[in-house]
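Q: Sequence:
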Amino acid sequence: MKQNKFEVGDTVAVLDEVIRGVVVAVQNDQITLKTTDDFVMTFFVNELVKEHDANILKSFNKSDALHKLKIDKTPSNASKKILFKSENRDRGTPEFDLHIEKLVKKVTGLSHYDILTLQLETAQRHIEFAIKNRIPKIVLIHGVGEGVLRTELEFLMRKYPQVSFQEASYQKYGMGATEIYFQQNLK
Numbered sequence: 001m002k003q004n005k006f007e008v009g010d011t012v013a014v015l016d017e018v019i020r021g022v023v024v025a026v027q028n029d030q031i032t033l034k035t036t037d038d039f040v041m042t043f044f045v046n047e048l049v050k051e052h053d054a055n056i057l058k059s060f061n062k063s064d065a066l067h068k069l070k071i072d073k074t075p076s077n078a079s080k081k082i083l084f085k086s087e088n089r090d091r092g093t094p095e096f097d098l099h100i101e102k103l104v105k106k107v108t109g110l111s112h113y114d115i116l117t118l119q120l121e122t123a124q125r126h127i128e129f130a131i132k133n134r135i136p137k138i139v140l141i142h143g144v145g146e147g148v149l150r151t152e153l154e155f156l157m158r159k160y161p162q163v164s165f166q167e168a169s170y171q172k173y174g175m176g177a178t179e180i181y182f183q184q185n186l187k
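Going letter by letter, the sequence shown gives residues 1 to 187 in the UniProt record's numbering.
All clues stand as given, with none of them false.
Each computed DSS-like pair below joins lysine-lysine, with the alpha-carbon atoms no more than 25 Å apart:
| hint | residue 1 | residue 2 |
| --- | --- | --- |
| 1 | K5 | K137 |
| 2 | K50 | K132 |
| 3 | K159 | K132 |
| 4 | K159 | K137 |
| 5 | K172 | K102 |
| 6 | K50 | K34 |
| 7 | K137 | K172 |
| 8 | K137 | K50 |
| 9 | K172 | K5 |
| 10 | K132 | K34 |
| 11 | K50 | K5 |
| 12 | K102 | K137 |
| 13 | K102 | K5 |
| 14 | K5 | K105 |
| 15 | K50 | K102 |
| 16 | K50 | K172 |
| 17 | K34 | K5 |
| 18 | K105 | K50 |
Restraint-style ranges between C-beta atoms, simulated for each label pair:
| hint | residue 1 | residue 2 | range |
| --- | --- | --- | --- |
| 19 | Q183 | T108 | 36 to 42 Å |
| 20 | S111 | N133 | 31 to 37 Å |
| 21 | K5 | K159 | 33 to 39 Å |
| 22 | Q162 | Q30 | 31 to 37 Å |
What the hints contain is simulated information worked out from the structure, not anything from laboratory work.
Beta carbons: idealized from backbone N, C-alpha and C, even for Gly.
Assemble the whole structure, with the sequences as input and the hints as a guide.
A: Here it is as C-alpha cells:
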C-alpha cells in the first residue's frame with residue numbers, strides 16, 4: 001500500500017485516538033500537528049491518516065502557524081488553487097492495513113492465534129471508532145491468503161447492525177480488501 005506523504009497544512013486524524021488537527025511541521029517520520037484544541041503534538045507517520053474535512057481547516061489559524069514557522073505568508077498560484085476547492089469533492093476514505101507486519105514491530109514469537117486475535121482487535125477498534133465518530137465508510141486491507149482473516153472479519157462485522165460491507169475496488173486493492181459502510185442514525 002502507498003504510504004501517505006504529509007505536508008504542512010494537511011488535515012489529519014490520529015488512528016485509535018479522537019485527535020484531529022493540521023500538520024505544522026514534518027521531520028523524517030515524525031509529524032507535528034496543531035490540534036483543534038490548539039495543542040501542539042508530535043506523532044509518527046504510521047499513527048496518522050489524512051482527512052479532507054474543510055471544517056477542521058476553518059478552525060485552524062493559518063497565519064499563526066505560518067508566523068511560528070517563519071514561512072512566507074503570500075500564497076503562490078499553486079496554493080491559491082488548493083484553498084478554493086469545492087467542498088463537494090470526494091472525501092478520503094480511511095484505509096487500515098491489517099497485515100501483521102504493519103501492526104507490530106516483531107512477529108517472531110507470535111502464534112497464528114495471537115496474530116489473528118491482534119488483527120481482529122485492531123479491526124474492531126477501527127470499526128467502533130468509525131461508528132462513534134460517524135465516519136461513513138472505511139477500508140480494511142486484509143490480504144488474500146487462505147481467507148481466515150477475511151472470514152473472521154465478516155463474522156465480526158455481522159455483529160454490528162448498522163454495518164454493511166463488500167469487496168473493495170479490485171483496481172485499487174486487488175482481492176484483499178473490504179469496504180465497510182456505516183448506516184448513521186438520524187436522531
